[in-house]
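Undergrad: The primary structure of each chain is shown beneath.
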Amino acid sequence: MTASPSIASPRGRTLTDFLERYVVVLAVAALIVLFSVARPATFFTVGNLQTILTTQSVLLIIGLGLTVVLAAGDLDLSIAGVVSFCGVLFTQLSAPERLGWQIAAIVTLIAGVLIGLVNSLFIVRVKANALIVTLAMGTLLDGLSSAVSNSQSLALPASPLDAAISARFFGVGLPFWFTILLLVIVWYVLQHTPSGRSLYFTGEGREAARLVGVRVTRVRVTALVISALAAAIAGIVLVGQSGAAQAGLGNPFLLPAYASVFLGAATLTPGRFNPVGTVVGALLLAVGTTGLQLLGIASWVTNVFSGGILIVAVAAAALLGARRIRA
Amino acid sequence: MINHFAPRSRLPLIALAAGAVFALAGCTSDAPAAPSAGDSSTGVPASVLSDAQSLVDQYSGIPEFEAPGDSFDATPLKGKSILVVVFSQQAAQLVTLADGISAAADAAGLESSSINADGNITAASAAIQQGITQGVDAIILDGVPAQLVVKDIAAAGDKDIPVVASTIGTSYETPGLFGLSSADYVLTGKLMASGAIVKADGEAVTAGTLTFTNPAVPDALTGIQEVFDSCGSACSIVGTTNVEPPDWGTGLSSAASSLINGNPDINTIFAVVDDTMGLLASAGVDATSNTGVTVVAAQGSGAGPLGVVQQGGAFSIDPGQSAAYTGWGAVDQAMRAMLDLEPGEDITPPRYIDTAVLKGLDVADQDAIYGNAYVDGFTELWGLSK
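Protein chains in written order, with my numbering: chain F, 1 to 327; chain X, 1 to 386.
Worth flagging that the hints you see were computed from the coordinates, not collected in a lab. As the structure is a computational prediction, the values presented were derived from the model and not from experiment. Take the hints with a grain of salt, since some may be wrong.
[Stated by the list, open to error] Partial list, computed: chain X residues near chain F (C-beta under 8 Å):
{"id": "1", "residue": "Q89"}
{"id": "2", "residue": "A92"}
{"id": "3", "residue": "S102"}
{"id": "4", "residue": "S113"}
{"id": "5", "residue": "I115"}
{"id": "6", "residue": "N116"}
{"id": "7", "residue": "N120"}
{"id": "8", "residue": "Q130"}
{"id": "9", "residue": "Q134"}
{"id": "10", "residue": "D137"}
{"id": "11", "residue": "V149"}
{"id": "12", "residue": "T213"}
{"id": "13", "residue": "N242"}
{"id": "14", "residue": "P246"}
{"id": "15", "residue": "T250"}
[As the list claims (entries may be wrong)] Chain X is nowhere near these chain F residues, computed Cβ spacing over 10 Å in every case:
{"id": "16", "residue": "G47"}
{"id": "17", "residue": "A245"}
{"id": "18", "residue": "V276"}
Using N, Cα and C, we set each Cβ at its ideal position, and we do this for glycine too.
Excised from the complex, chain X in its bound form (with noise of 0.2 Å):
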């Protein structure tokens, strides 16, 4: 066969083709045109830094146990079974939660199973189903994409088999979940943009985000801007960029240098989960060159953010809430269900956590962070401390 495409006439094609992807990308864009950076010389209101160090006072201790709904007795549950579909175990949080169902299905007496989907939105599914095979009495969807298997759960549900989803945020609304146990992101992004304004100290205050696809976002964001809205002016979002989980390697660190590159004015950066700050750190946002950039992240979580927070410096500020909490509360809702309950409020608190916060604590140890007050409320809510 003759090759019409001989080597010398590739080049024009590879040009175009190289054209037609960048025209591709520009089209395609997800970040939104910036807005005008805030007026650097106009500070904050002092009404608004007053309540947002309120806000951040507030948060700032050790949660006490929230009761999420009456009290019920839990002994009758002795035996039954739930079925943990744990989205990721890559995912240090996920792993947390799925041990605090675990204790607290031991300390119910349910006998307890989970799956790992492995990020395989497949896999999830197929878990569900297994459960339901099994005639399993709830599932606890362990951060899994509750809007990604609704006909799954819809499935469970025409069996009478009741499914609860946990750190999918709480205003998040999924056809067929019996409840949520989740931290509550406006709160937690509330918190994110208090802190920027405390660590700012009367300073304008111009960020960027860096975002990835998660029911939990957008709520975040929500709470980041109501309280940028009180403030007028002098706190604003120049830019917002969305980098996917594979690509946090990657993406993450030159996502950050555009940002600053691109608005010189930034000194703050909302990173929407803590697992992505130690990838920033090559973007020059570290804690040893100080450039004026404050990391503000969410979810509090591990030791490994924890401790890039103690050390201080531009990671500074990392309001979240203990997983094993959630883990807790999702039992507690599912035991409602079993007992044909109303659905509980199983909202996990949050604590505000600083460089200052987290001076001479172990990072590694989470009741040293949050507590564990819910061990003996959950039990105590569930008719069984002795």
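Just chain F, with the same shape it has in the complex (with noise of 0.2 Å):
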């Protein structure tokens, strides 16, 4: 690695180190025992842990498969749309006169493989821009969650799925332990098999990875795919909590996801996106709002602290990254 004039000595290159890797951790921690200092009767207790936890399930499963994509050296802009096609397609399917929720749910999933499948096919073989062809497909699937709800709010009928999406454990809704689940299995992929080598090998130069033997087109599709088939799962997750779906309920979570990975991207293994660190990234965007709410505090400054925080994590990321290439 490059030695920089404040990183001559071990000491202090030792220090650097750990300020890179932990320093959105430690921001976390810090907001915590402000707001907690701040707030100690509402902010710091078991309640708010497990409301902070279970609301950030859908934008955890997101921001996961999102991970994989950008790792990949992708981009997917049609994740809003998938999560709000596919809530609206298992809502709409499930009724037990229709399919139920069974048939619908495999219906749901495999709709947002075929999405990944078609993203992939322009983006990896006829090599449009994934940029326009995601924001498109996120377009065309918000125009087609309008005609399969009709433009109407459509209610979640009861059922098993349904039960188990609003089921607790521990005081915390299973959809976040299964999001914990969902990462450790990613980290694992990611951090621990020969795949996860060739997702990271793409995603930091494709020309190079094809070079040493990567399959570069199969890691980018199998990436595309995954992104879509997580917000699908998101999808149903989403309207499981909520109990009804609509067209562009999807939509505000384009932003936080892609803001939680490039957070995730600037700490454990900085400058490289990872599932772990795309975890504390969201969990910084929700300390801080909760925080921020419970201090009561205008409803602009969490605007202004989200997009703010967004803007600092991509420069560290790309700082990082670049210094991490160069070493």
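Put the two chains together into one complex; each comes in its own frame, and the hints tell you how they fit.
TA: Next up, the structure:
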């Protein structure tokens, strides 16, 4: 690694490394301390922790899928549309007089996979710009969501799946525990398997990866499918949590999902998209937003906080990534 | 790896995909098939025109306070806490409503706090859960689509925390809600239709409607249709286009243009919320170029839309109601819940607003348009008047 004056000594080097790795984690801890002192009766409570964890499940599921596709060097702006479309599709199909919840869930997940395949067809095969393709796909899915829902709010029929999504374990919604399971799987695959290494190789340099034998096309297609599939799962969880669906339900998740993933890329393995970092990033946003709300601060401050954090995170991820590649 | 998709072979694929997209779009269009246009040679029956004029006259004055239920003593509630979940502070009407809630809470000695959900249903859900965790005494939903947070409303109910919804219409029923405070959007729809009939002055009214996914929209359409049904073939809706809020900036103008160009008989556009009016100008339906089309909006909120109506021209009718009044009504409902009383009938009375009504008024001053009789009315109802 290229040494800079500030990291000349081994001790300084260690401290800089530590700060690089854990600055976002430290920020989360600092915010928790800050808000706990300011609002001990409302912020520093088990109930608040349970609420934060339960309500972040959907964002985390989307974020984990997005981590994979960004690590592969692509991007996916259709995720919000996939969440909306799959949420509406599942709700519409899961009525007992239609397909029932089991088949509806399978059809919805297949729809997610197909959307990922269509995205990858255009991005990987046709070599169309990923930004435009996925943006267009998101718009297309928004339109289809309105068509499937007939532009109405749809009530989700009661089902065992619906009940499971609403159930709690240690006071925290089951979707959060499912998200933790998903996190472990994604983390293991990315960090400890050849597939994960191939994904990172592909993301850092497609030609170089191709030259060392990585099947780049397959990796990229898989990443795009995983992203869409995660968004489809998030759509089902979202309507399960709320009990209803309507077009556009997933749209507000797009920016926070990217913010979480880029914040994650600035921590633990700085400059590299990583699933644990994504979870930490989402927690930073959730803790910050919740704390500011409990302080009763004007809502524009919350937006400034979220936007500002994202800018800092993107800049940090870019700087750290460049430094890591130089090293 | 061999690329099996050489550049020359991509064109048919792209063409195929484009065709599929267009086919999908065609198959899933939510616009209903246009019925035959109203027979413009047939005028509106005189009795219908007279009824329309009567309804317009009835609601053209500043609304009076209408007690939603029996009076009660609110003093025991001093110090109780309410949480207001504002669906989006980007919507002027919801901000005005939140201000009304805050003012009413202050008047009643309640402690109020608010959370902005930023248009995110999960954030709204989290906000309700936070209210439950904090143990607030009541939760007021400000524009939150209650049907999308039914489980959170039920969770609040499990903790004996009443939930009141506002601005979602009065005919909507959500399990677990204690009560509503809202405009009667069916009546608003009737005022819209009546205004259009009066404006057409006996000529046939051929209308297109611009809608979006919102619980109040079906109510407004019901009101419009009820008036049109009495009109026979002289009043008709020949096209409806749904444009969701994120697409308003780009979609409204083209939707209005398509409606007008596709149906030359159209002389009225019903825009179900008035926030959309400014965006319709580029569709050629503006105040300066009189195309013979009248834009009839609803909600009567905010200086921007009302300023457009005040200028006259095509944008000339905008019945609405005071959002601040609705906010006071929401607090009234919340207090009734906290006192274990029956829910009130908190329906915000509307005012028929057109260019003539707004003449000489400061459109930024809601009190000048809707009055503030509700402030004294509610404080007296709550036993708090000095």
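Undergrad: Each hint: holds or not?
TA: Each hint, compared with the structure:
no., hint, verdict
1, Q89, "holds, 5 Å"
2, A92, "violated, 14 Å"
3, S102, "violated, 12 Å"
4, S113, "holds, 6 Å"
5, I115, "holds, 5 Å"
6, N116, "holds, 3 Å"
7, N120, "holds, 4 Å"
8, Q130, "holds, 6 Å"
9, Q134, "holds, 5 Å"
10, D137, "violated, 14 Å"
11, V149, "holds, 6 Å"
12, T213, "holds, 5 Å"
13, N242, "holds, 5 Å"
14, P246, "holds, 6 Å"
15, T250, "violated, 10 Å"
16, G47, "violated, 4 Å"
17, A245, "violated, 8 Å"
18, V276, "holds, 22 Å"
Hint compliance for this structure: hints 2, 3, 10, 15, 16, 17 are broken, all remaining hints hold.
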